[in-house]
Amino acid sequence: AQRVTQPEKLLSVFKGAPVELKCNYSYSGSPELFWYVQYSRQRLQLLLRHISRESIKGFTADLNKGETSFHLKKPFAQEEDSAMYYCALNKAGTALIFGKGTTLSVSS
Amino acid sequence: ETGVTQTPRHLVMGMTNKKSLKCEQHLGHNAMYWYKQSAKKPLELMFVYSLEERVENNSVPSRFSPECPNSSHLFLHLHTLQPEDSALYLCASSQEPGHGELFFGEGSRLTVL
Numbered sequence: 001a002q003r004v005t006q007p008e009k010l011l012s013v014f015k016g017a018p019v020e021l022k023c024n025y026s027y028s029g030s031p032e033l034f035w036y037v038q039y040s041r042q043r044l045q046l047l048l049r050h051i052s053r054e055s056i057k058g059f060t061a062d063l064n065k066g067e068t069s070f071h072l073k074k075p076f077a078q079e080e081d082s083a084m085y086y087c088a089l090n091k092a093g094t095a096l097i098f099g100k101g102t103t104l105s106v107s108s
Numbered sequence: 001e002t003g004v005t006q007t008p009r010h011l012v013m014g015m016t017n018k019k020s021l022k023c024e025q026h027l028g029h030n031a032m033y034w035y036k037q038s039a040k041k042p043l044e045l046m047f048v049y050s051l052e053e054r055v056e057n058n059s060v061p062s063r064f065s066p067e068c069p070n071s072s073h074l075f076l077h078l079h080t081l082q083p084e085d086s087a088l089y090l091c092a093s094s095q096e097p098g099h100g101e102l103f104f105g106e107g108s109r110l111t112v113l
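Chains as they are written, first to last, in my numbering: chain A, 1 to 108; chain B, 1 to 113.
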C-alpha cells in the first residue's frame with residue numbers, strides 16, 4: 001500500500017538550531033516525493049520536490065531509497081520557518097498522497 | 001482573481017440539507033482535485049478530474065457528488081451528510097494529473113450539525 005508517514009506531530013527548536021523533519025514512505029514503484037508547507041493564515045504550497053534537488057529557503061531533502069525516507073533539513077532554523085510541513089508522494093502519476101504533517105515551531 | 005478560489009469559505013448545514021462547494025482555477029490547468037482535511041488525519045484525496053473527466057474516485061461515499069463542467073470549475077455537491085463529514089475541504093489544480101505541483105485554494109470549512 002502507498003503510504004506516507006510523518007512520525008512527529010510537533011517539532012520545537014530554537015532559532016539557529018538545526019532542523020530535521022522526518023518522512024518515510026511506502027511505495028512499490030519509483031517514488032516521486034515532495035514537501036509542502038502551510039504558513040499561518042496562508043494556503044498550502046509546494047516547498048520542494050526531490051527531482052529538482054534544489055535548496056528552497058535553506059531547506060533541502062534527499063531521497064534515500066534504502067531507508068525509504070525523504071527527510072527535510074535546514075542547518076539553521078529561523079522564526080519565519082514556523083509552519084505546518086507536509087510530506088507527499090505522487091501516487092502512480094494521478095495525485096499526491098500526504099502525510100499527517102508536522103508542525104515546526106521556532107522560538108527565539 | 002488569480003490562483004484557485006473556493007466558495008463558500010464557511011458552511012454550516014444540517015444532515016438533511018443539500019449544498020454545494022465551488023472551486024475555480026484561473027491558472028489554465030487541466031487537472032483538479034478535491035481533498036478532505038480532518039483533525040488528526042492526513043489530507044485525504046477524494047476525487048481527481050482531468051479535462052472534465054473523473055479519473056479517480058477514492059472510495060468516497062455517494063453523499064458526496066463531484067461535478068466538473070469545464071476545466072476551470074469544480075463542484076462538490078453535498079447531501080444527507082453526517083456530522084463526521086465536518087472538515088476542511090480543499091480544492092487544488094495542477095497542469096496535468098499527477099503533476100506534483102498542486103496549487104491549493106484556501107478551503108471550505110464545513111460543519112454538519
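Don't read these hints as lab results, they were simulated from the structure.
Even glycine gets a Cβ: it sits at the ideal position worked out from N, Cα and C.
Among the hints, a few may not be true.
[As the list claims (entries may be wrong)] Under the rule of at most 20 Å between Cα atoms (straight-line distance), these lysine-lysine pairs were calculated in the PhoX-like manner: (1) A:Lys100 - A:Lys22; (2) A:Lys65 - A:Lys9; (3) A:Lys91 - B:Lys22; (4) A:Lys73 - A:Lys91; (5) A:Lys100 - B:Lys19; (6) A:Lys9 - B:Lys40; (7) B:Lys40 - A:Lys22; (8) B:Lys18 - B:Lys36; (9) A:Lys57 - A:Lys15; (10) A:Lys73 - A:Lys57; (11) A:Lys91 - A:Lys65; (12) B:Lys41 - A:Lys22; (13) B:Lys18 - A:Lys9; (14) B:Lys22 - B:Lys41; (15) A:Lys91 - B:Lys36; (16) B:Lys18 - A:Lys100; (17) B:Lys36 - B:Lys19; (18) A:Lys57 - A:Lys91; (19) A:Lys22 - A:Lys73; (20) A:Lys100 - B:Lys22; (21) B:Lys41 - A:Lys9.
[Unchecked claim] Per the computed footprint, the stretches of chain A lying under chain B, defined by three or more beta-carbons under 8 Å from a beta-carbon of chain B, are: (22) 18-24; (23) 38-49; (24) 99-106.
Status of the hints after comparison with the structure:
1. Restraint check: the Cα-Cα separation between lysine 100 of chain A and lysine 22 of chain A comes to about 12 Å, which is no more than 20 Å; the hinted pair holds.
2. Of the pairs offered as hints, the one joining lysine 65 of chain A and lysine 9 of chain A is violated, with about 23 Å between alpha carbons and a cut-off of 20 Å exceeded.
3. A threshold of 20 Å between alpha carbons decides the hint, and for lysine 91 of chain A with lysine 22 of chain B the separation of about 25 Å lies outside it, so the pair is violated.
4. Our distance criterion of 20 Å between C-alpha atoms is broken by lysine 73 of chain A and lysine 91 of chain A, whose separation comes to about 24 Å.
5. As the CA atoms of lysine 100 of chain A and lysine 19 of chain B are separated by approximately 28 Å, the hinted pair breaks the 20 Å bound.
6. With a CA separation close to 10 Å, the supplied pair lysine 9 of chain A and lysine 40 of chain B stays within the 20 Å bound.
7. Annotation: proposed proximity of lysine 40 of chain B to lysine 22 of chain A holds, straight-line Cα distance about 18 Å (limit 20 Å).
8. Taking the CA atoms of lysine 18 of chain B and lysine 36 of chain B, the gap is near 18 Å; set against the 20 Å cutoff, the hint holds.
9. In summary, the hint linking lysine 57 of chain A to lysine 15 of chain A is supported, as the alpha carbons are separated by about 15 Å, within the 20 Å threshold.
10. In summary, the hint linking lysine 73 of chain A to lysine 57 of chain A is supported, as the alpha carbons are separated by about 11 Å, within the 20 Å threshold.
11. Proposed proximity of lysine 91 of chain A and lysine 65 of chain A is supported: the alpha carbons are some 16 Å apart, at most 20 Å.
12. Among the hinted pairs, lysine 41 of chain B with lysine 22 of chain A is consistent with the structure: their alpha-carbon atoms are about 17 Å apart, no more than 20 Å.
13. A distance of roughly 35 Å separates the Cα atoms of lysine 18 of chain B and lysine 9 of chain A; the hinted pair therefore is violated under the 20 Å criterion.
14. Distance hint between lysine 22 of chain B and lysine 41 of chain B is unfulfilled; the C-alpha atoms sit about 23 Å from each other, more than 20 Å.
15. Of the pairs offered as hints, the one joining lysine 91 of chain A and lysine 36 of chain B holds, with about 17 Å between alpha carbons and a cut-off of 20 Å not exceeded.
16. Between lysine 18 of chain B and lysine 100 of chain A the alpha-carbon distance is near 30 Å, which puts this suggested pair outside the 20 Å criterion.
17. Simply put, lysine 36 of chain B and lysine 19 of chain B have alpha-carbon atoms about 16 Å apart, close enough for the 20 Å limit, and the pair holds.
18. A C-alpha spacing of about 26 Å is found between lysine 57 of chain A and lysine 91 of chain A, which places the hinted pair above 20 Å, so the restraint is violated.
19. Proximity of lysine 22 of chain A to lysine 73 of chain A is assessed by CA-CA distance (about 9 Å); at most 20 Å being required, the pair is judged to hold.
20. A distance of roughly 25 Å separates the Cα atoms of lysine 100 of chain A and lysine 22 of chain B; the hinted pair therefore is violated under the 20 Å criterion.
21. Only pairs whose Cα atoms come within 20 Å are accepted, and lysine 41 of chain B paired with lysine 9 of chain A is accepted, the gap being roughly 11 Å.
22. With a threshold of 8 Å between beta carbons, the proposed coverage of the stretch 18-24 of chain A by chain B is violated, since 0 of its residues qualify and at least three are required.
23. Residues of the stretch 38-49 of chain A lying with their CB closer than 8 Å to a CB of chain B number 5, which satisfies the three-residue condition for coverage.
24. Counting residues of the stretch 99-106 of chain A whose C-beta lies closer than 8 Å to any C-beta of chain B gives 3; at least three are required, and the coverage claim holds.
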